[in-house]
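Spelled out, the chains give:
There are 2 protein chains.
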Amino acid sequence: MYIQKQISQKAYQSDGFIGNYRKLVRETVIPYQYAVFNDQVEGVEKSHAISNFINAGKVVRGEQPDEEFYGERFQDSDVAKWIEAAAYSLADAPDKELEGRLDSFIDLIAEAQDENGYLDTYFTLAEPDKRWSNLWSGHELYCAGHMMEAACAYYEVTGKRKLLDVMLKNAEYLYNEFVIQRREGWPGHPEVELALMKVYKLTGNEHCLRLAEYFIDVRGQDPEFFPKEQIGRNRVLTMEDLEYNQSVKPVREQETAVGHAVRAVYLYTAMAHIAAETDDDSLLTACKRLWENITKKRMYITGGIGSTGIREAFTVDYDLPGDTAYCETCASLGLMFFASRMLENEINGEYADVMERAFYNTALAGMQLDGKRFFYVNPLECIPGITGKAVTHKHDLTQRPGWYSCACCPPNLARTISSFGKYAYGENETTVFCHLYAGGEVAFQNGIKLSCQTEYPYGFTVVYRVLEGSGKMAIRIPKWSKENVILRNGTQVACESEKGYVYLEIMAGDEVTLTLDDQPYFVYPSSRIPAITGKVAVCRGPLVYCFEGVDNNGDVLSLALKRGGRLSVAETDVSLGNAVKIKAEAVRVSTADELYTAEPPKEEACTAVAIPYYAWCNRGENQMRVWMTERV
Amino acid sequence: MYIQKQISQKAYQSDGFIGNYRKLVRETVIPYQYAVFNDQVEGVEKSHAISNFINAGKVVRGEQPDEEFYGERFQDSDVAKWIEAAAYSLADAPDKELEGRLDSFIDLIAEAQDENGYLDTYFTLAEPDKRWSNLWSGHELYCAGHMMEAACAYYEVTGKRKLLDVMLKNAEYLYNEFVIQRREGWPGHPEVELALMKVYKLTGNEHCLRLAEYFIDVRGQDPEFFPKEQIGRNRVLTMEDLEYNQSVKPVREQETAVGHAVRAVYLYTAMAHIAAETDDDSLLTACKRLWENITKKRMYITGGIGSTGIREAFTVDYDLPGDTAYCETCASLGLMFFASRMLENEINGEYADVMERAFYNTALAGMQLDGKRFFYVNPLECIPGITGKAVTHKHDLTQRPGWYSCACCPPNLARTISSFGKYAYGENETTVFCHLYAGGEVAFQNGIKLSCQTEYPYGFTVVYRVLEGSGKMAIRIPKWSKENVILRNGTQVACESEKGYVYLEIMAGDEVTLTLDDQPYFVYPSSRIPAITGKVAVCRGPLVYCFEGVDNNGDVLSLALKRGGRLSVAETDVSLGNAVKIKAEAVRVSTADELYTAEPPKEEACTAVAIPYYAWCNRGENQMRVWMTERV
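Here the protein sequences line up with chains A and B, keeping their order. Start counting the first sequence at 924; every next residue gets the next number (this note's numbering). Start counting the second sequence at 924; every next residue gets the next number (this note's numbering).
A couple of the hints might just be wrong.
The list treats identical chains as one, so a pair stands whether inside a single copy or across any two.
To be verified - Under the rule of at most 27 Å between Cα atoms (straight-line distance), these lysine-lysine pairs were calculated in the DSS-like manner:
no., residue 1, residue 2
1, Lys1525, Lys1485
2, Lys1317, Lys1220
3, Lys1525, Lys1506
4, Lys1312, Lys1211
5, Lys1219, Lys1405
6, Lys1312, Lys1219
7, Lys1525, Lys1219
8, Lys1485, Lys1405
9, Lys1124, Lys1395
10, Lys946, Lys1019
11, Lys1317, Lys1172
12, Lys1395, Lys1405
13, Lys1402, Lys1525
14, Lys1220, Lys1525
15, Lys1085, Lys981
16, Lys1525, Lys1405
17, Lys1172, Lys1312
18, Lys1083, Lys981
By construction, these hints were calculated from the structure, which means they are not laboratory data.
Put together the whole structure using the sequences plus the hints.
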């Protein structure tokens, strides 16, 4: 039985790079998003997310609401993700005022729940007679799922049951509706499945497990379900449309990752969790096949997924254009969730490597360094004049906006940063696992308590001190790290190594030091990816680097990097949140001032300057490019 | 007064490369397209183009039509372009049967014309009460324009006036409707303007000139016109939509080439023709600005224009992706028309160079070598598995289809090939001009008669013999040709040279020999084009080359060409219509079987084989790429 490291106030404290991000989320993002939900921020899209709950509560009590439902149909889920982020942030830093705010807010949510357990402010306020009539895009189950996740988080951190009880009642209602009463259909946007699994894991409630399994098993069994459900609406659903939400065939038969990328990875996350809990081999086989397809054929170097803005979707194998990439922030977060659940099935560094790739690159790029502006879409190239302008590039922006009417990404990122420990640590009957490196303390259920000290991803030494307990410890060695040294109490240890992890015995008082490879390195793409054949990227540790105009005379298009050229680690840049720049031997290519010329370009040696991809777009509108021309 | 070389049976005969294409059009394309129009070809889209005329004729006579209108609203124009192609083909090869077929057909067209001059089978059959109610997309003026062009061609070649009289009557009707009766609006799809100018040039009819000028001047004066006209239809037109058909502001104020590429260049063609005929400086200034914008910032190396399939349109400067390119065949033909009219304003090789680039690459690529299958869209890269499959690449196909429901391109290409002499030759008061090189004979109005012998674009010697007359001759020297020799009667002549043309005196009996540079060469793109920075292409003469899988072990993605490497001219390939291949020094790059790796790829020297771009996709489904990775 694998346990994701559960978080309680005592059990996890962080510092260093991740600690700073958690602090930013706590001090800036959470209050900012709260203000947005309360419509107190000038110049950003109105949310009404909280007033929707107040008004739904009035309807439940038989009163007249003050106003109609406002915003996207799935607005409740933004609030739920915010509660989750706020709850986890309390684990680092107790905050009575925030906790009080959460309690009052949870009261509002409880009041918006129907007697029978139904909870959804959109349908309660706007279409009370249309419940469950639109599983395709009604998002009732999606919103329920996020509120279940919020309930788990708040209970885990504070021990308070109110929201958890609300959502257990909701889950029981759903179980009755779909499993007992046999209501047809399944979630149009997967999410409740993974949430039900979290509730099950936390409470042992069997109906939650059964309902999650039911939704996974029924999905795609009757491909005609959604087309029938949607008759009479704006568009006629074709079989091709069913790929959009992975409903074209039963999940165990799905061969490739298709459709809306966020829906896909949320679905696979639940599948992987069920497989881990129930030893369902057929489900695990499907998960592995879909994992392979994503990570071997459909993933950007930044851990971004979803190559196109058209329906925010996967396309086909090896179609990975940088400039028109979608790479939704939420999709990379979902890929982390999927990876994290795959680790519960098999301890294999491949999963953790991808989890880290997605987090340190696409996920973090989703937020401005000051925590106040957000990218929904994360291209690997930005060329002002084309990006955001050409009709094919409208979805890729040159600047992070302050908020979105469809605001799924910002609170999703906040909750993931706040619960970073869940992805960093885990344990099973025999071993505690360190998947990711983050400064702070962590307490395991088996009695082991560790502290971790590191400047990672800018420092490459990770020091674990065993504060309490004894047993086996597994530390992941990333695939990118070529030179690794592991010391126990200052002495090199010969430790067992398997699938990207080293295993060693520890006891209280031990100090385990891992030193990873700190050298920047080039990365070459498979020549099967047409968009980037012959290109090269620069990385250091888990960080993918990019070249921005502001560091390179305003022009990154005419830069080419020398094969095998020196990559030198430059100074820490305080203005970039202490990011470390890399200098690369390059040539500046001067082409004639014509579109096409027979004159070979002049080339002059120069030094190109790269910054971590996640830190791009913090210094104004600017060219940016990850994959560079190479000179061999 | 500049005269495009008019074609009559005696005046122009061709042989060599162009002659073969004209023969193909005559013997295959014209009969094939006639069969399609008569719905006699199995497995291709039904056309009903001819029965629409028969049925419209019945309606005009007050009889019951046999069936409803069938096909695209602008189906009449496909027929018109076919008549034009067939008419010009008679100039090369008298064909009584074809001429008889044309005559009968013209009778049908005449019968479908209303008493008042109105002619459009769609509105006559399907929406008789909606005439002129939908200038935005009704295509009445567009179809009228194409029929006027057909009328000019048939009259020029055969001297028969019937269709010309029908269309003069139609033009007079339009003049009355728009100029005298002051009907609001202008053509949703520019075309009638350039056609009216052709009729004017041929007949001297002043109303045709006035109406063309009127449509050009009124366009975009009231940007609210189309949004008002379209109220109550499927979509609400915004100001942004008006860019689609260049109606957002008056033409003289338009700064960049925007919107639907075919509409754009058809419009500019008319503008350039009016400027040439009326010495309208403000119009010429606008034409030059738009020409510069296209050819310096928005044109593919193949002379393709229109970077996106979304509304078949221009996007923004330097946005020229190869794999998702639209590059409609018709748009490159339109660019030739525009270039040809610009030459009437100014003899400048720049225009003829672009005309040639568009013709020998994108236009010819629009047709399979056997004349039986056609591309509408001409990407610069084709990767089976992605091309035609990924949602962003659906418009780019891996194989030419046999026909299209919207069949504008095939007959458009046929008529252009059949009238190649119009683009190749011209004259003014003092000089005869040889813009393009095509074997055959040409007679000018000033009494000069030339024969031209050449294997161009595969032979680089062009021999002109002066059969009759004397005077000044101007021959274009293409910019790509670095080494040129001009001999008159075997002796090198010092001739005047200006803006890409050499001028020399000739008299009957003279033989002028031009020898152009036959060396293959590399072309480098501006580093401002993000999609192809650091890439290189191979050309020879006017031909852009591409690399196909079938010549390169099935894989062109892992090929890189050596900077300055040897390019050698290989054998003529009979199976490719006698195309000449080029061999290039290259390396084969082997990347690890992973998406991304820190392992530098292995590189092995090899020889890559290129074929002319226009000949691609004649040997099955296949990778294809124009812009190659370079090794410096």
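Hints and how they fare:
In this homomeric assembly, Lys1525 and Lys1485 come within 27 Å of each other (Cα to Cα) both inside a single copy, at 15 Å, and across copies, at 16 Å. Proximity of Lys1317 and Lys1220 under a CA criterion of 27 Å is satisfied in both settings, with 25 Å inside one chain copy and 20 Å between copies. Taking identical chains as interchangeable, the C-alpha atoms of Lys1525 and Lys1506 lie at most 27 Å apart whether they share a chain (22 Å) or sit on different chains (25 Å). For a Cα distance limit of 27 Å, the shortest separation of Lys1312 from Lys1211 across copies, 24 Å, qualifies, whereas the shortest one inside one copy, 39 Å, does not.
Taking the shortest Cα distances, Lys1219 and Lys1405 sit within 27 Å of each other inside one copy (21 Å), while across copies they are farther apart (48 Å). Taking CA atoms no more than 27 Å apart as the test, Lys1312 paired with Lys1219 passes between copies only; the shortest distance there is 19 Å, against 31 Å inside one copy. Taking CA atoms no more than 27 Å apart as the test, Lys1525 paired with Lys1219 passes between copies only; the shortest distance there is 20 Å, against 37 Å inside one copy. For the identical chains of this complex, Lys1485 and Lys1405 are intra-copy neighbours only, at 21 Å inside a copy versus 32 Å across copies, given an alpha-carbon limit of 27 Å.
For the homomeric pair Lys1124 and Lys1395, the shortest alpha-carbon distance inside one copy (24 Å) is at most 27 Å, but the shortest distance between copies (92 Å) is not. Taking the shortest alpha-carbon separations for Lys946 and Lys1019, only the intra-copy value of 16 Å comes in at or below 27 Å, while the best inter-copy value is 88 Å. Taking the closest pair of Cα atoms, Lys1317 and Lys1172 come within 27 Å of each other only across two copies (23 Å); inside a single copy the shortest separation is 32 Å, beyond that limit. In the homo-oligomer, the alpha carbons of Lys1395 and Lys1405 lie at most 27 Å apart inside one protomer (24 Å), although the nearest pairing across protomers, at 75 Å, exceeds that limit.
For a Cα distance limit of 27 Å, the shortest separation of Lys1402 from Lys1525 across copies, 21 Å, qualifies, whereas the shortest one inside one copy, 38 Å, does not. In the homo-oligomer, the alpha carbons of Lys1220 and Lys1525 lie at most 27 Å apart only across protomers (21 Å), although the nearest pairing inside one protomer, at 36 Å, exceeds that limit. In this assembly of identical chains, the alpha carbons of Lys1085 and Lys981 lie at most 27 Å apart only when taken from the same copy (19 Å versus 79 Å across copies). When the C-alpha separation of Lys1525 and Lys1405 is checked against a cutoff of 27 Å, the pair qualifies only between copies, where the shortest distance is 20 Å, while the shortest distance within a copy is 36 Å.
In the homo-oligomer, the alpha carbons of Lys1172 and Lys1312 lie at most 27 Å apart only across protomers (20 Å), although the nearest pairing inside one protomer, at 38 Å, exceeds that limit. In this homomeric assembly, Lys1083 and Lys981 come within 27 Å of each other (Cα to Cα) only inside a single copy, at 25 Å, whereas the closest approach across copies is 83 Å.
Going down the numbered hints, you'll see the structure goes against none, and every one checks out.
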